[in-house]
Each structure stands twice: as structure tokens, then as C-alpha cells.
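Those letters in the sequence shown? Residues 0 to 305, per numbering that gives the first Met the number 0, in order.
By construction, these hints were calculated from the structure, which means they are not laboratory data.
Just so it is clear, CB atoms sit at the ideal spot from N, CA and C, and this is done for glycine as well.
Wrong hints could be hidden among the right ones.
Said to hold, decoys possible - Derived DEER-like restraints, expressed as beta-carbon distance ranges:
| hint | residue 1 | residue 2 | range |
| --- | --- | --- | --- |
| 1 | Ser80 | Pro8 | 30 to 36 Å |
| 2 | Ala5 | Ala163 | 46 to 52 Å |
| 3 | Leu190 | Arg266 | 46 to 52 Å |
| 4 | Pro146 | Pro231 | 23 to 29 Å |
| 5 | Arg141 | Arg32 | 29 to 35 Å |
| 6 | Arg280 | Glu99 | 42 to 48 Å |
| 7 | Gly304 | Pro157 | 26 to 32 Å |
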Amino acid sequence: MRGLGAHLPAVTAGTPSPAAALGYIQTFDCGQRPEVFHASADAAGRYFYNGDLSGFNFERETLPLSSAFARMLRQASGEESGTTYVGSLLASHYLPGFAEANRLPVVPSEVAARLWIGNGSHVACHYDAYENIACVLAGSRRFTLYPPDAIGDLYVGPIDHTMAGQPVSMAAADPEKPAYPRFAAARQRALVVNLAPGDALFLPKLWWHQVEADAPVNVMLNYWWDATAIGPDAPMLSMLHAMITIAERPAAERDAFRAFFDHFVFRPDGHPLAHLPQERRGVLGSLRGGGYGQIRAMILRALRGG
Numbered sequence: 000m001r002g003l004g005a006h007l008p009a010v011t012a013g014t015p016s017p018a019a020a021l022g023y024i025q026t027f028d029c030g031q032r033p034e035v036f037h038a039s040a041d042a043a044g045r046y047f048y049n050g051d052l053s054g055f056n057f058e059r060e061t062l063p064l065s066s067a068f069a070r071m072l073r074q075a076s077g078e079e080s081g082t083t084y085v086g087s088l089l090a091s092h093y094l095p096g097f098a099e100a101n102r103l104p105v106v107p108s109e110v111a112a113r114l115w116i117g118n119g120s121h122v123a124c125h126y127d128a129y130e131n132i133a134c135v136l137a138g139s140r141r142f143t144l145y146p147p148d149a150i151g152d153l154y155v156g157p158i159d160h161t162m163a164g165q166p167v168s169m170a171a172a173d174p175e176k177p178a179y180p181r182f183a184a185a186r187q188r189a190l191v192v193n194l195a196p197g198d199a200l201f202l203p204k205l206w207w208h209q210v211e212a213d214a215p216v217n218v219m220l221n222y223w224w225d226a227t228a229i230g231p232d233a234p235m236l237s238m239l240h241a242m243i244t245i246a247e248r249p250a251a252e253r254d255a256f257r258a259f260f261d262h263f264v265f266r267p268d269g270h271p272l273a274h275l276p277q278e279r280r281g282v283l284g285s286l287r288g289g290g291y292g293q294i295r296a297m298i299l300r301a302l303r304g305g
């Protein structure tokens with residue numbers, strides 16, 4: 000969506016220089032201290048695991064935004080080595096008034112705005128569990144996108160030891176490593192999008208994306224929301240539960256459960272009880288009509304051992 004956010008005050012204010020971009024944002028600063036990532040010059044802006052995956056190649060600290068921005072500018076000018084990154088900064092908490100002054104009209108009004116601010120950076124290939132609109136306010140962003148079904152070719156890392164919540168592709172960070180031979184197939188399917196200030200990108204949920212920012216200082220605005228949720232439960236919870244109940248059963252059992260999941264959950268042939276009257280479908284009737292709460296109660300009772 001080229002130029003979708005070109006009218007935003009943050010884009011206009013940041014045009015003269017990185018200092019102007021950060022200065023405009025700082026006018027909304029209410030003094031809260033966010034988590035800040037700091038990487039040494041050796042990392043070259045690539046925020047990732049350390050060599051043996053026991054930790055990460057960057058440090059986390061809590062700083063006033065004014066201090067984080069001052070350090071970014073010193074690093075941008077070469078006065079100080081390394082890079083600084085502030086991600087997923089909830090505007091309503093840290094920068095009250097910013098979201099209202101810089102709203103994209105295509106986003107539902109109740110959706111929270113977040114900011115991603117830093118020096119040149121390379122954010123590892125990951126997915127988000129929500130719809131996502133991202134708009135560059137200053138600097139640049141390059142998105143490399145892979146469809147959800149490329150997951151097997153991306154060589155995903157740990158799901159419980161992550162940099163910022165979501166697992167990442169190990170292969171996208173080291174594409175020539177012999178341990179990742181199938182990544183070549185994923186690269187053939189990749190889509191690359193370059194965004195300048197004012198440009199926006201819509202990312203459907205679960206699409207993998209690697210994000211690079213090349214300018215000395217870069218600012219991006221984004222919105223996450225789930226347009227199709229019926230209740231508060233995340234689909235990934237179902238997958239985690241299936242891991243402990245199904246993943247290590249014999250292959251024949253897994254195949255059988257795959258058929259059950261297809262029939263009851265993924266429904267390639269339509270509703271599994273379409274042959275019954277609506278009023279006789281029980282908890283498999285309308286989720287919005289009460290089925291959601293009934294099934295959820297069944298699950299909670301089972302997990303409690305009831």
C-alpha cells in the first residue's frame with residue numbers, strides 16, 4: 000500500500016533527519032521505561048541467538064525513551080558502536096496521544112498502535128498470530144515473506160526459548176548452512192517488499208516474515224488484531240495440547256487423529272454434522288450460539304482433572 004501513511008505527521012516530521020524523527024516521537028513521551036535491546040558492533044544489527052543457542056547475542060535493559068533515543072543517534076552518527084532497538088512499543092502506554100495523531104484509516108479504531116524504533120537491524124524470520132498492518136514512518140524496511148506452509152523448509156528453532164515470543168527460522172539466518180538443505184525451496188517461494196516512509200504492508204496471520212531496516216535510524220508503526228476470533232483462546236494453544244497428547248503416539252494413531260482433526264476441525268467437506276438438524280448438533284452447533292462456552296468448559300474441566 001504505497002503512500003498509505005504519507006500524510007501522517009510522524010512521516011512529515013521525520014523527513015529532515017533521524018533526530019527530527021525521534022524528536023517528534025519524544026514529544027509524546029510520558030516517562031515510562033520500556034525494554035530496550037542493545038547489540039554490539041559484532042552483531043551487525045542482527046538480533047539472534049548466541050552461538051550455542053543458550054542465550055542471545057544482545058542485551059536487554061530498561062531505559063527512559065530519551066536515553067534510548069540519544070544512544071540511537073550516537074550510534075547512527077558513528078560516535079558510539081553497536082545498535083539499539085525498541086520493539087513492540089505500545090503507544091497508548093508509552094506515548095499517549097501518538098496513536099490518535101497518527102492513525103491509519105484502514106485499521107479498526109479499537110486496535111492498539113505499536114512502534115518499532117532502532118538503528119539498522121535484521122529481525123529474524125518469524126510469524127505473528129494476528130493480522131498485521133505495518134507502516135514505515137522513517138528510514139526503511141525490507142520484508143521477506145514466506146507462506147505458512149513453508150514452515151517445514153524454514154527449520155524453525157525452539158518454541159519456548161525465543162527472542163520476543165515467537166519461534167524463528169534458523170535457516171533464514173544462515174541460509175548456506177548444510178544443515179538446512181530444504182531452505183532453498185522456501186527461498187524460491189519468497190516475496191520481497193521494500194517500504195519507504197509512508198508505505199504500508201498488510202500481512203495475513205501466520206505468514207513468516209524477516210524484517211530488515213537499513214537506515215541509520217528507522218521507525219515503523221504497526222497494528223495487530225484478530226478479525227476472525229470468536230473467543231479469547233489462541234489457536235496455538237490447541238497445537239500445544241496436541242503436542243503432548245498426540246505427537247509421540249505411533250504413526251498409525253497419528254494418521255487416525257489427523258483424519259479426526261480434518262473432519263471435526265479443518266472440515267474440508269463442510270460441517271461434520273451437516274446431516275443432522277441444527278438443534279441436534281449439541282456442542283457442535285453454532286459456536287457463537289453457545290457451543291464455544293460449552294466446549295471451553297469441557298476442556299477446562301478435563302485439564303483440572305474433573
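Check the structure against each numbered hint from earlier and tell me which ones fail, lowest number first. 2 and 3
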